[in-house]
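Read top to bottom, the protein sequences are chains A and B.
Residue numbering for the first sequence is 658 to 1237, as defined by the working numbering.
Residue numbering for the second sequence is 658 to 1237, as defined by the working numbering.
Treat the hints with care, as some may be off.
Copies of the same chain look alike in the list, so a pair counts if it fits in one copy or across any two.
DSBU-like cross-link-like pairs, simulated, lysine-lysine; straight-line CA separation at most 35 Å [as the list claims (entries may be wrong)]:
1. K792 to K1147
2. K1092 to K1227
3. K951 to K1092
4. K1147 to K1092
5. K930 to K841
Keep in mind the hints are simulated off the structure, nothing from the lab.
There are 2 protein chains.
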Amino acid sequence: MLLLRRCLSLTGAAPSNCHRHLLMPAVCAARLWSSSSSGGRGDGGDDQRTYQNSHGSSWIHGLAGLLAGTGAVLAYGLHQHKPQRADSSRRQPTEQTSPLPVFSQVEVTKHRSLEDGVWVTYKGGVYDITEFVNKHPGGDKIMLAAGGAIEPFWAMYAVHNQEHVLEILSEYKVGELRAEDQKKQDAVKSSDPYSTDPERHPVLHINNLKPFNAEPPPELLSDSYITPSAIFFKRNHLPVPQVDPATYRLHVEGLPAGVLTLSLEDLKTKFPKHTITATLQCAGNRRSEMNKVKQVKGLNWGIAAISNATWSGAKLRDVLLAAGYSPDVAQWARHVQFDGMDKDVTGSSYGASIPLNKAVSEDGDVLLAYEMNGEDIPADHGFPVRVVVPGTVGARNVKWLGRIIVSSEESSSHWQQNDYKGFSPGTDWDTVDFKSAPSIQELPIQSAITTPAEGAVIDRSEEEVTVEGYAWSGGGREVVRVDVSLDGGKTWRVAQLRTSDRGQEPQPSPPPGRAWAWKLWEVTVPIPPETQELEIICKAVDDSYNTQPDTVAPIWNLRGVLSNAWHRVKVKITEDEDEE
Amino acid sequence: MLLLRRCLSLTGAAPSNCHRHLLMPAVCAARLWSSSSSGGRGDGGDDQRTYQNSHGSSWIHGLAGLLAGTGAVLAYGLHQHKPQRADSSRRQPTEQTSPLPVFSQVEVTKHRSLEDGVWVTYKGGVYDITEFVNKHPGGDKIMLAAGGAIEPFWAMYAVHNQEHVLEILSEYKVGELRAEDQKKQDAVKSSDPYSTDPERHPVLHINNLKPFNAEPPPELLSDSYITPSAIFFKRNHLPVPQVDPATYRLHVEGLPAGVLTLSLEDLKTKFPKHTITATLQCAGNRRSEMNKVKQVKGLNWGIAAISNATWSGAKLRDVLLAAGYSPDVAQWARHVQFDGMDKDVTGSSYGASIPLNKAVSEDGDVLLAYEMNGEDIPADHGFPVRVVVPGTVGARNVKWLGRIIVSSEESSSHWQQNDYKGFSPGTDWDTVDFKSAPSIQELPIQSAITTPAEGAVIDRSEEEVTVEGYAWSGGGREVVRVDVSLDGGKTWRVAQLRTSDRGQEPQPSPPPGRAWAWKLWEVTVPIPPETQELEIICKAVDDSYNTQPDTVAPIWNLRGVLSNAWHRVKVKITEDEDEE
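In isolation and in its complexed conformation, chain A is listed as follows (with noise of 0.2 Å):
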């Protein structure tokens, strides 16, 4: 409870400091560091990856463009096959003693192909990373620092700030940048893309500083039906940008009636105002346990990389009817994409799209959300506006909204092509065929245990047990009922349900197919008699009668998506020594 004072304190507080302050338009901040850091050449940006050794080039082909942002765990330290180089006049042993020959930036500059070799430069060395472009966790990308320095690019992806990292990088050491352009480097400062990134509440779990992936105790999410601000999980995969919310534009693109631009004020006083109640899920919560049966690229959340909100916004099917949209468009269009104002080194933006049917339905209550939890919403939640959709996998909530398209395709970000999609056990990186599988949408049924913690201690003099937990499944489906088991699932009992903090009246039911909020649940059993160990389980089903899956296994996957087996806890019993 002292947790969630704090939480709520600093729920209260946090919203307004984080955006005042944060006046410099997200885009120029981004260009600013990207282009005073490489001297002015094309900028480029690595990807934040699972850096591990490479077999074959098939490996690469999969992994190319995986991760990008999604904050992978950092196995970074893989590398074992040393390149076999050709050309051994290149190579120069890497000890700080051997006398390297001294380059300067512009011999540096040339070396931006395969073919003419590729060159970076770091603190003051230079390096002959040719043979390792094909080897790069995070694919061609790579090449966009080619004759130029890495700082930037590793400064946006934290992935390889790592002591592996630097011993790869070693290996391809080949002579010493001129004194005078390192000073000319060093006067570039190389700041930090997450230097503006907002304050953050101490009590969440940090899976990734650099974005910002984070996730809130377990035990307190169930403690509150609307999760506070500030320990709702974070999960960011570029720098939150600042942006001024006097000159913050949103761009309605793609209709006939040409390119709708509006304004905050516009957003707030043009739509009326609605608000829903809905959780938001990142398609990676309790990756953890796929980790488990055998390990996958992502971070590695636990079960908590889902929180419940209010959201307060103009309806996108209104802005996109004040833009031009008729039900003529659906004969062309299928699709609604979202850009954010969050943006890689190379200018890209964090991109998605949803089905144009969810956009443009009346029930479909898809908001440009400006209002999170009765507050302006804070800047790690997409200030000054985000997109929610509920019923939908978080990646497609796109925050801080810049541009909105319609169009007959779906966003060609690399999040929509290229991650965020389910595959079957069987799939591997040599065989995964994005293409194969559709974007993740709508979200299958989910719960999990929040309290007790996996290897609680109960003394059995307490002589019963109080299970908590959250439910909740995509597409607007209302979670109907929770069965919870204390025997590893051989019995099983119906949880209690509630759509409100204890005590408070529930919240009326939702329509059919507007179910966007989570249950909370709980359910208290005594302890069974002779029993050291009680093997914890919890299953939900929604209104559609889908059910979660009995165990992980069968649907792992390389990414580690989608994971929604029942969740197990198992807890220790122990007597009451005093009473013996």
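Once you've looked at the hints, dock chain B against the given chain A.
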């Protein structure tokens, strides 16, 4: 293939044969036989239920009204406890040779209440069933027979036509009916309400004859993307009504403009004709697998209570608009109820309802269908008009549609309120509360293996095995993948999906949320060496990435509905002895 040719030839001939001569309106037919057979008293009906022994009144309460017309497993023979009778003078030994008093019909008719005693006659015998009333699995509907002949009720609910039932009845014999009255009863021939049911294809596996419930051989299902009407699974709750298309009228009620009455011609000419391909599935499909875990109540369906057809008709949305529907109606209305023209002995028709938003949605595609597979809908499938609610459990696709009612309430029918709902495996007939669960509407993801069959023997010399099946999900969610395992779930392959017959062009992809038709699938796999038995498993995934649960027991429910665990088939591999 021979079987299939027989089906197809019958399909072509059957529909016209079935209707042309069945011109008596169903209501008249039902009234005629029921009133003529019970001397003009209040008619009543018993249900088609599972008869088993009662253990306490809560069981009776739980079962009361449960299986009405759902075609129970015929487990009638568990009656063990002879009732304890306070007034032994009212009981007589049941031996045929015992002298029993003779009663007149007038005397029998005086016994129509628990206070006065409940008497019935059967083939000239008089039975005092007062003590049995509370034990009747069909609940108090038995009271509708009080004071009269029981034959017409047993004719309606063929579950009674078993020796066990006669044994139970014999215990309650108290006398003989006066010969003169018996003659009168004989003169009123107790007609079989099913005598006018249509002819059926002999290939069907009959789960219950009256009412008719049957499914095709599984291997035929996956031979045709569009299931021929003759072998489309048949699930009737009551006798097939005989409807004259010339005098057929559909009544649309509950809208501000008053009642709209439409002829068949009106439906065909006043509204655009829409055609969809949609799969219908009985809630009890694959119930037999639940029965293996623990006995459930219901017809013992195999895996073929599912079929796919094209349906043409008027959109329900268009008809409701013509009847005065406007968005204002949605302020108070929530459901659209359907009444069939198939009636039980009491004159009650089969009924069901769906949510209003499904009914009026442009994307809902709910049809008032008058064609199935390009011809008039066959008698067994609802001639002349049935509702087709794509993506929704078969039970809501009301056949022989007579009335549509827009309402704030769900249908009050037994089938909507006290049947076709899912419960926890821990819920039994003592604890079930039908109000606690939502009526089944959209169905969960489903798939099954149609070939090879359980127990099939494959010669190793064939080197590979081809596995085929179907996959479908409710709510318009498209099946995106089917995984197949040959080793009991350890490893998985992805099956090929198809949306047409082999060699035909695939159907174009449906818009999101409107995938109403199943997918057929197949995969050919080398027979693993040194394996003597294969445990073949299939599991499907829909575009909300819902998956099937691994095992049956955790989704077991007392009615045996929603049976969608992985489908498992064991086949034997034999060695080719010639080669040894």
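Can you give me the call for K1147 and K1092, within, between, both or neither, at a CA distance of at most 35 Å? between (40 Å within a copy, 26 Å between copies)
Identical-chain pair category, K1092 with K1227, by Cα at 35 Å: between (39 Å within a copy, 34 Å between copies)
Check K951 against K1092 for me: Cα-Cα at most 35 Å, and say if that holds within a copy, between copies, both or neither. within (24 Å within a copy, 43 Å between copies)
Which holds for K930 with K841 at a C-alpha limit of 35 Å: within a copy, between copies, both or neither? Answer is neither; intra-copy 52 Å and inter-copy 75 Å both fail.
Within a copy, between copies, both or neither: where do K792 and K1147 come within 35 Å Cα-Cα? Between copies only: 31 Å across, 49 Å inside.
When the structure is compared with the earlier hints, a violation turns up for hint 5 alone.
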